[in-house]
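> Chain by chain, the residues:
2 protein chains.
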Amino acid sequence: MNASHCANNTRQPAPTNSLRARRLGVDTQYEAIVFMRKDCPVCRSEGFTAHTRILLRAGGREIIATLYQITGDLISHEEAALSEAAWQRLGLRDGDRITVKHSPPLDSLRAVRRRIYGNSLERASFQSIVRDVVDGRYSDLHLASFITACSARPLERAEILALTQAMVNVGDRLKWDANLVVDKHCVGGLPGNRTTPIVVAIVASLGLTMPKTSSRAITSPAGTADVMETIAPIDLDADAIRRVVEQEGGCVVWGGAVRLSPADDILIRVERALDLDAEGQLIASVLSKKIAAGATHLVLDIPVGATAKVRGREAAENLAKGLLSVAEHFGLKAQVVLSDGSQPVGKGVGPALEARDVLAVLRCNAEAPPDLRRRAITLAGAVLELAAASPPGQGEVLATKALDDGRAWAKFQRICDAQGGMRTPPSSKHRRPLLAPRSGWLGVIDNRRIARLAKLAGAPDAKAAGVELHAKLGDVVVAGQPLCTVHAEAPGELAYALEYAVANPDILVVEDQ
Amino acid sequence: MNASHCANNTRQPAPTNSLRARRLGVDTQYEAIVFMRKDCPVCRSEGFTAHTRILLRAGGREIIATLYQITGDLISHEEAALSEAAWQRLGLRDGDRITVKHSPPLDSLRAVRRRIYGNSLERASFQSIVRDVVDGRYSDLHLASFITACSARPLERAEILALTQAMVNVGDRLKWDANLVVDKHCVGGLPGNRTTPIVVAIVASLGLTMPKTSSRAITSPAGTADVMETIAPIDLDADAIRRVVEQEGGCVVWGGAVRLSPADDILIRVERALDLDAEGQLIASVLSKKIAAGATHLVLDIPVGATAKVRGREAAENLAKGLLSVAEHFGLKAQVVLSDGSQPVGKGVGPALEARDVLAVLRCNAEAPPDLRRRAITLAGAVLELAAASPPGQGEVLATKALDDGRAWAKFQRICDAQGGMRTPPSSKHRRPLLAPRSGWLGVIDNRRIARLAKLAGAPDAKAAGVELHAKLGDVVVAGQPLCTVHAEAPGELAYALEYAVANPDILVVEDQ
Numbered sequence: 000m001n002a003s004h005c006a007n008n009t010r011q012p013a014p015t016n017s018l019r020a021r022r023l024g025v026d027t028q029y030e031a032i033v034f035m036r037k038d039c040p041v042c043r044s045e046g047f048t049a050h051t052r053i054l055l056r057a058g059g060r061e062i063i064a065t066l067y068q069i070t071g072d073l074i075s076h077e078e079a080a081l082s083e084a085a086w087q088r089l090g091l092r093d094g095d096r097i098t099v100k101h102s103p104p105l106d107s108l109r110a111v112r113r114r115i116y117g118n119s120l121e122r123a124s125f126q127s128i129v130r131d132v133v134d135g136r137y138s139d140l141h142l143a144s145f146i147t148a149c150s151a152r153p154l155e156r157a158e159i160l161a162l163t164q165a166m167v168n169v170g171d172r173l174k175w176d177a178n179l180v181v182d183k184h185c186v187g188g189l190p191g192n193r194t195t196p197i198v199v200a201i202v203a204s205l206g207l208t209m210p211k212t213s214s215r216a217i218t219s220p221a222g223t224a225d226v227m228e229t230i231a232p233i234d235l236d237a238d239a240i241r242r243v244v245e246q247e248g249g250c251v252v253w254g255g256a257v258r259l260s261p262a263d264d265i266l267i268r269v270e271r272a273l274d275l276d277a278e279g280q281l282i283a284s285v286l287s288k289k290i291a292a293g294a295t296h297l298v299l300d301i302p303v304g305a306t307a308k309v310r311g312r313e314a315a316e317n318l319a320k321g322l323l324s325v326a327e328h329f330g331l332k333a334q335v336v337l338s339d340g341s342q343p344v345g346k347g348v349g350p351a352l353e354a355r356d357v358l359a360v361l362r363c364n365a366e367a368p369p370d371l372r373r374r375a376i377t378l379a380g381a382v383l384e385l386a387a388a389s390p391p392g393q394g395e396v397l398a399t400k401a402l403d404d405g406r407a408w409a410k411f412q413r414i415c416d417a418q419g420g421m422r423t424p425p426s427s428k429h430r431r432p433l434l435a436p437r438s439g440w441l442g443v444i445d446n447r448r449i450a451r452l453a454k455l456a457g458a459p460d461a462k463a464a465g466v467e468l469h470a471k472l473g474d475v476v477v478a479g480q481p482l483c484t485v486h487a488e489a490p491g492e493l494a495y496a497l498e499y500a501v502a503n504p505d506i507l508v509v510e511d512q
Numbered sequence: 000m001n002a003s004h005c006a007n008n009t010r011q012p013a014p015t016n017s018l019r020a021r022r023l024g025v026d027t028q029y030e031a032i033v034f035m036r037k038d039c040p041v042c043r044s045e046g047f048t049a050h051t052r053i054l055l056r057a058g059g060r061e062i063i064a065t066l067y068q069i070t071g072d073l074i075s076h077e078e079a080a081l082s083e084a085a086w087q088r089l090g091l092r093d094g095d096r097i098t099v100k101h102s103p104p105l106d107s108l109r110a111v112r113r114r115i116y117g118n119s120l121e122r123a124s125f126q127s128i129v130r131d132v133v134d135g136r137y138s139d140l141h142l143a144s145f146i147t148a149c150s151a152r153p154l155e156r157a158e159i160l161a162l163t164q165a166m167v168n169v170g171d172r173l174k175w176d177a178n179l180v181v182d183k184h185c186v187g188g189l190p191g192n193r194t195t196p197i198v199v200a201i202v203a204s205l206g207l208t209m210p211k212t213s214s215r216a217i218t219s220p221a222g223t224a225d226v227m228e229t230i231a232p233i234d235l236d237a238d239a240i241r242r243v244v245e246q247e248g249g250c251v252v253w254g255g256a257v258r259l260s261p262a263d264d265i266l267i268r269v270e271r272a273l274d275l276d277a278e279g280q281l282i283a284s285v286l287s288k289k290i291a292a293g294a295t296h297l298v299l300d301i302p303v304g305a306t307a308k309v310r311g312r313e314a315a316e317n318l319a320k321g322l323l324s325v326a327e328h329f330g331l332k333a334q335v336v337l338s339d340g341s342q343p344v345g346k347g348v349g350p351a352l353e354a355r356d357v358l359a360v361l362r363c364n365a366e367a368p369p370d371l372r373r374r375a376i377t378l379a380g381a382v383l384e385l386a387a388a389s390p391p392g393q394g395e396v397l398a399t400k401a402l403d404d405g406r407a408w409a410k411f412q413r414i415c416d417a418q419g420g421m422r423t424p425p426s427s428k429h430r431r432p433l434l435a436p437r438s439g440w441l442g443v444i445d446n447r448r449i450a451r452l453a454k455l456a457g458a459p460d461a462k463a464a465g466v467e468l469h470a471k472l473g474d475v476v477v478a479g480q481p482l483c484t485v486h487a488e489a490p491g492e493l494a495y496a497l498e499y500a501v502a503n504p505d506i507l508v509v510e511d512q
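Protein chains in written order, with numbering that gives the first Met the number 0: chain H, 0 to 512; chain D, 0 to 512.
Calculated directly from the structure, the hints in this document are not laboratory data.
Treat each hint with caution, since some may be false.
Each pair may be met inside one copy or between any two copies, as identical chains are not told apart.
As the list claims (entries may be wrong) - In the DSBU-like style, the derived pairs of lysine-lysine whose C-alpha atoms are separated by at most 35 Å in a straight line are:
| id | residue 1 | residue 2 |
| --- | --- | --- |
| 1 | 400 | 471 |
| 2 | 400 | 428 |
| 3 | 37 | 100 |
| 4 | 100 | 174 |
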C-alpha cells in the first residue's frame, strides 16, 4: 500500500522542537547526554521518556544524545542542558538554540545484534559500526554490547581485517616523505616496561624515521603517552608532529590528538571500564594506529609471564601469528619479540616514576635499571635489523653504541625540545614504604596486583603516583627492609593503596633462604 | 610479606569524605549517578576521575554510583547531587550528609568476564551477579555487557536453572492457601494478543486460583500490565494482591510492584534498549516470575509466524522444550500451546486499543474480535484441563460457556473493583487512517513493523496510542478504504509514525485479486 497519501496530507503543523542550549559543565566522557524538563513543551509534545535516544541539531551539525529527564527546577522549560561531549560536538555557544527529535533507528545496531546472535560481520557492517561510534551515535550501552559481542565470540580473521580497515578509514592518516618508517609496540600488561622513548631516541639518532604515536593507559597504571607527558608536551597536532619528525627523525606523542583511529580511543574507554581486552580488538587497535600513522616496519614486543597479560608461550605465539598475519595483509613488515614478563621492568610503575627510569637509562646514569636498558637495546636492535639499517646480528651492537656515546640522549633532548620543551617529572607528596616482614629472598612479584596497587595510589591520572620497587626477583632481603614505596598525590589515595596492600600480603612474597 | 605494618602505622588522618546530599531530580532509570564538583575537596583528595564508580553511604545504607564530574557552578563544593535512583535507594532527605569513597572491585564482574571469555558459570556466580544487579551495583555498561555475554553464547541448561533460581532468590515469593495455582504466559511478539485478562476471568469464574502478575512491554507496543492499567489499578503490593485473590480467585496486576524477580525488571530495561531477548534469559525471565508468584500449573502460548518473535515450528519446539524442562526442574507443571502468529490478534495494538478488544470479548459484544475470543477460549481450556478442572477434551466447552453466560464478565468486573475500581481506557487525541492504495485482498501484515508503527505513535507510554487494524489477512479491500488507523496522543508522535509508514509502504500489502 502507499501510505504516503495520508502522511503527505497531514495538516497538523510539526512542533518547533526548539530549545535554548545550556552548558551544564558535566563531564560524561564520550557519551552525549541532554537534560530536559519532563514537563517541557517539547518532551510533552514528543512523548520522550527516560533513556530515549534523541537527535539534536544546531548550526548544521547533528548528534545523538541520551535523554535524562529533569523533574525539579534545575533547568527551565525552554532549556536543554548538555554534557560537555554533546556541547563540544555540536560546537555550541551559550544561548544557541537547538532542535530535538526522536533518533531514527541506527542500521549498524542491527549488525551488532547479528553478531551477538552468532553471525560474522562483513566489511560494510564494521565500516558503519565504526563510523557511528566515531560520530557519537552509540550510547554507552551500545558500546558495551558491541565490545562484549566481539569478546564473547572471537573476531575471525576476515572480521579483524575489516575492523582494522574501518578504524583506519574513519580517522586521519599520516604520510611521510621517508619511504621507510619504523615503529614499535609493546602488547600489554608489564608494569614499567617503558622502552619506547629510549628506542625512538636510539634509532632516530641512527638516521631512521620513527614518528611514534602512543596511547594512554587502558587498564594499566601508565601508558607511554602518560609517561612521556611528564617529560615533554605530547598533545601535538598533525602539522606539529610532521615538523618534529622532519627535524629530528622521531617523536613520542599522544596518538589521540591527531585522530589516528579515533574509534580506538572511544572503544578503549569502555574496554577499560569493563576490563575487557580481547585478541581481535587488540590486533585491530594496535595495527589500525600503526597503519594510520604511516608505519612500514613494526617491531612488536610481547612480554610473557604468569602474571603478565600474555601468560604462556602458546598464547603469545597465537597472538604473534594474528598480529603478523594482519600486518602482512596491510603491507606492514612486522616482527615479534617475545620477552620475559615475569616481573615489572625498571624500578618505577606510574607515569613520573617510569619517566625517571627512562631518563636514567638515556643519561647512562649508574643507578639506571639494567633490565630496562637491556630490553630497549634488544628492541632497538630488532628495529635496526628489520629496517636493514644494520647488518643481521649487529643491531644490538649499534644500539648500545648510540646509547653509550650520548647520541641517543642528545637526540632525545632535541626531540623533547621540538615537541615543546623538556620538563622535569613531578615528585609525589605522599609516600609510604612496604617493608619485608622477614629475611629471605624475593620469590614473587605479582604484576597485576602491583599495577592495581599503583592505580589505587592514583596512577595514571595522578602523574607522580605509583609504586617504586626496591628489589627484583631473587634478591636477598632482610626483615624490615623496604621492598617498595607507594607514591601518591593525595592522602586518600595513599590510604586506599595501603589498604589494598594489607588485604593482599602476597603481592610481594619473601621466601625462606 | 606482611604489609600491614606500614598501613597500620599511617599517621595521615583519613579525609572525612562527607558531602551534603542534594536531590537533583534527574531520572536516569535504574542507574545511580552522583554529580560532584571536579574541584571539591573530596574529589581532589580522593583523586576521582570521570566515570569512576564510587561508594556512597548514608544512614546505614550504601550504594554504588557512577560519578559525573561538574566543572561549572551547578552545585557547590560541599554538595553531592544525586539522581533519583541513587536518592531513593539511599532513602535520603534534602540536606542529609553522605560519605563517599572508591568502590571496591565487584567480585561478580570477574564472573561476567569469565563468561565472556567462554566459561560457563556455576550457581554461586549467578547468585552474586543477580544480587549485585538488584542492589544497583552494576553500571549500565556492566548490565549491557552481562546481557550481551548471555546472548552471544547461549546459556546452557544448568546456567538457565542457576539464573532462574538466583532471580527467584533475590526477590519476594508469594505463597497461596490454594494447593493449585494456575498461570499462563504468552511468549513474545504478537501485537494485540491480549488473552490474559479474559483467561483469568474465565478460569477464576470457574473456581480456579489465578493470581496473574504481568510485565510491562519489553520491546513491544504493550505488555499485559500496560493494557490492564487502562482498565484498573495494577500497582498493588503483596497484601493487596492477596486480598484480591482471596476474594475473587484471580487478579491481573503488575509484577514489579511486589518485587517478584526484581532483577528481571532491571535486565529487561537494558534488553529493551539493546533490542536483545535471548532464549536462556527469556526462560529465566518468564519462569522466575511464575515460580516467585507461586504458580503450580502453567500454560505457555507461543505464537509462530514469519514476522512473530518465534518464526518457525522448529524454533518454537526448541523453546518449548527449554521452557518445559526448566519448569519441570522447579516442580512447575507446564504445557505449551503453539498458536498462529501470522498476523496481529484483535483490532487494537497499543494499551488502550487492546483494552477495548478485551472488554468487547468479555462483554460478548457483536464487534468483539473473533480471533481474540477464539484464542482466549483455547488457552482457558488448556488451563482448565492442565489443572484437572475439566475432563480431558472438555476445557474449551466449559470456557465458552463461562464467557457466553456472563460469568467471566461478572468475575472480571469484580476483580477490577477489588484491584481499586474499573475505569474507561483513554481515547487518542490525534488519528490518521492509512488507506488502501488500490483494490485487491490483504496479503501481508508485518507484525514487527506494525509494532514499530504503534511504538513510534507513542505506545506503550502514551496509553491511547497505537494502531487500529480494520482488515485481516485475506480480506477483500477497495482502493481508498482505511486499512488501519494510527492513534497518537501528541502531534509529534503521529508525525513520526506517519513518516515511518511512508518509508515502509509494505507494512500492509494489498495483492491483486
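> So which of those numbered hints doesn't the model satisfy?
2 and 4
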